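Participant: Below, each chain spelled out in residue letters.
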Amino acid sequence: MKIQQMAFMLIAVTIFFVLVGLFLLGFAFSGLKKSATALEEENSLLLVTRLANSPEFSCGDAFDNAGSNCVDADKVMVLSKESERYSNFWGKEIPNIEIVKVYPYDGEKICNEGNYPSCSTIKVFSGAQTGYYRENFISLCRKASENGESYDKCEIAKLRVGYSEVGA
Amino acid sequence: MNKKGYLEISFGWLFAIIVGVAILFLAIYFSVKLTGIGEKTLDAKTGKEIGILLNPLETGFESARTTYITFPVNTRIYNKCSKNGYFGKQIIQISQRSFNKWTETEVSVSFENKYLFSNGIVEGRKDYLFSKPFNFPFKVADLIYITSSTENYCFRDSPEEIQQEISNLNQANLKAENCTPSQINVCFQRGPNCDIVIDYNTKTVSKNNTQISFEGDALMYAAIFSEVEIYECQLQRLMRRIVSLASIYGSKGSFVSREGCNSNLEYDLLILSNMASNLGSSRDLKLLSLGVEEIQDKNEANSGCKLW
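Protein chains in written order, with the working numbering: chain L, 1 to 168; chain S, 1 to 308.
Chain S extracted, bound-state conformation:
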């Protein structure tokens, strides 16, 4: 039986099939790759844009500033903190909902001069940001708090100044009265349905069975809105900024003494710098704050020759 012609394909067909398959395979492969690169580019660009848009949150004489960002699609902001480098790094990664799944987040943007306090992942189409200066004893940085519009915080039994500040901020997801159990209840006195408890006397915040310490309202908000790991890492970064600023103010003290302005704070600033660089965790803040108050008083007393 002669079956020679059964599988006989002309050379033209064979060539067309091989080349066609190769071209189709390459086209599909590169389209998928390019779509992935496009998504990553968009994520990186959005991350960078967020970082740039945080610049106007730098406060001057204001006690706090608020703004919001909206995204065209549901977006996750991954807030990461790194202690690498002299000042450490604020790392932002973005993932956006595309074709009903989250884009992969390998690309990150980092900033040395930003301090974001939030949950590890902030998800939503609208996020609120507010910033508050952290003074310790001089202005160290503006702390930025990010919350999703889907998370509503209610400050129960808060002191008058906190109530006033929340009211002045006029941020839709922050309230200081008429709290309901569906909101995240931030209690200044222990009671039922409290998600976060603040002890304003011992300056501690209790949440998720852990306790963290704070000094000043800026760090209190930071402890409320952020995860414990992020808070502790950002605190270490802030301490490094204090070390650097203390060195600048120390040198400025020697500099202005030529003009007859003696601050006599160089030694105190050196001690502050040493203590800040050795801060282990937020628990050590209490000890540091005693030195800070003393330095602040000394600086205030130098009325004509204040360093800051």
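In isolation and in its complexed conformation, chain L is listed as follows:
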């Protein structure tokens, strides 16, 4: 009888400590997820301020009078077609990078080869729309032509970097 009582007690004590352990682990990992998300937020914040200067986006010397934070729209259009290769390039938790033209306003049209440049949003990566965004103003430049003469055309746009919650 006493052995039976002891066995039951041992099982009860073990279950109790397993439950306490699970609770503590759950608590610890929820903190871990929060700090991982905070790191992704920090990454996207710093990334959005410097992304315009990365070689895949920047104007370089292709346009006259192009300063810092200048994005080459023609290059980004090409990049959007090759986005699979770059899917993890700027971070695994960065599912969305897009450029939205602010001025002049051209309606809400997503750019593709057919309607470019008469469109407003170039989606470099278009992952799930569940995350949050960080934005930065940029000048969006491209080559345009009039009467057979090509010239540089720059417009005001926003570079948006999305990030998702870790483990969401």
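Mixed in with the good hints there might be a few duds.
What the hints assert, rightly or not - Below 25 Å or equal to it, Euclidean Cα-Cα: the simulated DMTMM-like pairs (lysine to aspartate or glutamate) are:
| # | chain 1 | residue 1 | chain 2 | residue 2 |
| --- | --- | --- | --- | --- |
| 1 | S | Lys-207 | S | Glu-229 |
| 2 | S | Lys-89 | L | Glu-41 |
| 3 | L | Lys-81 | L | Glu-93 |
| 4 | S | Lys-306 | L | Asp-61 |
What the hints assert, rightly or not - Just some of the chain S residues that point at chain L, by a computed CB distance under 10 Å:
| # | residue |
| --- | --- |
| 5 | Ala-27 |
| 6 | Lys-48 |
| 7 | Leu-53 |
| 8 | Glu-58 |
| 9 | Glu-112 |
| 10 | Ser-244 |
| 11 | Gly-304 |
| 12 | Leu-307 |
| 13 | Trp-308 |
Said to hold, decoys possible - Label pairs and their calculated CB-CB ranges:
| # | chain 1 | residue 1 | chain 2 | residue 2 | range |
| --- | --- | --- | --- | --- | --- |
| 14 | S | Val-73 | L | Lys-92 | 25 to 31 Å |
| 15 | L | Pro-104 | S | Glu-104 | 53 to 59 Å |
| 16 | L | Glu-149 | S | Gly-85 | 41 to 47 Å |
| 17 | S | Tyr-200 | L | Ser-145 | 41 to 47 Å |
Hints in this document: simulated from the structure, not taken from any laboratory.
Quick caveat, the model's predicted, so the values are computed rather than measured.
Backbone N, C-alpha and C define an ideal beta-carbon position, used for all residues, glycine too.
Guided by the hints, dock chain S onto chain L, whose structure is given.
Facilitator: For chain S alone, kept in the frame of chain L given last:
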């Protein structure tokens, strides 16, 4: 002789001892495990934070940028390079001094868009980082050089522009004059106490009885500050980025030709891409640089329709 009562323990005591031992054992076991997990979490978090803090080192129009990181405890940064994946990976592992021993480093963080040049292990409480854009012929990436504050480099007999750059960087562990044998002597002319010898004409860096080639100052610094294996691996990763960027510029060339802008560089970029993807080691850089110079000249000549 009746010794029945000699080892007689009541059931309550027996139960308390068994359960007590089990609880104590489990408590100690899980505390040790949780401490280990905590240390690994901290190492992984620090590694990720370092990677994130490297973002502001992306240069715009600057020729170089410098910054530093300080750690609360003595820290080792393990710099590893992997060629896996399309762009390869920059891997960082962190180990920190805790209870007078180094934490184990199984957790690593990886980045596809970073290129760190340093020794395999950078140890200290303060590390300096400086970055420089690598153009070949277009901007390929910002190369980041990590040095520990405990390592002092002195650039002996360096050309004027290198002296100027070192002076402008104002990084405490880099000097271009008054070299002493206790420093790491980087010599531009052979002489006594040289740890690293640069031949600016043949574009080679000799260190630890090995010779590696470079093109441009960004790769020269990379060869100076990093281990040979890391340098060669990162160079292969940079070549993959060149292949990708050459493809983007090639497509851009066709794209802008609709607007009357003909760069006529598509074929040259294709050749550059093939040569870059076939680069065996830094020794092949010389051959590649000839093509790069030609493409650069052609792009410059297209004044109204430059691709980059």
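Participant: For each hint, tell me whether it holds in the structure or not.
Facilitator: Against the structure, the hints come out as follows:
The straight-line distance between the Cα atoms of S/Lys-207 and S/Glu-229 is roughly 12 Å, inside the 25 Å bound, and the hint therefore holds. Restraint check for S/Lys-89 and L/Glu-41: satisfied, since their Cα atoms lie roughly 22 Å apart, inside the 25 Å limit. At roughly 20 Å between alpha-carbon atoms, L/Lys-81 and L/Glu-93 fall within 25 Å of each other, so this suggested pair holds. For the suggested pair S/Lys-306 and L/Asp-61, the alpha carbons sit about 7 Å apart, so the restraint of at most 25 Å is met.
Below 10 Å, beta-carbon pairs count as interface contacts, and S/Ala-27 has one with chain L at about 8 Å; its hint therefore holds. This hint holds: S/Lys-48 has a C-beta 5 Å from the nearest C-beta of chain L, less than the 10 Å allowed. With a cut of 10 Å, the hint placing S/Leu-53 at the interface with chain L holds, because the nearest CB-to-CB distance is about 8 Å. At about 4 Å, the closest approach between the beta carbon of S/Glu-58 and any beta carbon in chain L falls short of 10 Å, and the interface hint on this residue holds.
Restraint check, S/Glu-112 versus chain L: the minimum CB separation of about 5 Å is within 10 Å; hint holds. Interface restraint check for S/Ser-244: the shortest CB-CB distance to chain L comes to about 7 Å, inside 10 Å, so the restraint holds. Interface restraint check for S/Gly-304: the shortest CB-CB distance to chain L comes to about 7 Å, inside 10 Å, so the restraint holds. Here the hint on S/Leu-307 is kept, as its CB sits about 6 Å from the closest CB of chain L, short of 10 Å.
Hint status for S/Trp-308: holds, given a least beta-carbon distance of 4 Å to chain L, under 10 Å. Range check, S/Val-73 to L/Lys-92: Cβ separation about 28 Å, and the 25 to 31 Å hint holds. A hinted range of 53 to 59 Å for the beta carbons of L/Pro-104 and S/Glu-104 is consistent with their spacing of about 57 Å. At about 44 Å, the CB distance of L/Glu-149 to S/Gly-85 agrees with the hint of 41 to 47 Å.
In this structure the supplied range 41 to 47 Å holds for S/Tyr-200 paired with L/Ser-145, their Cβ-Cβ distance being about 45 Å.
Hint compliance for this structure: every hint is met.
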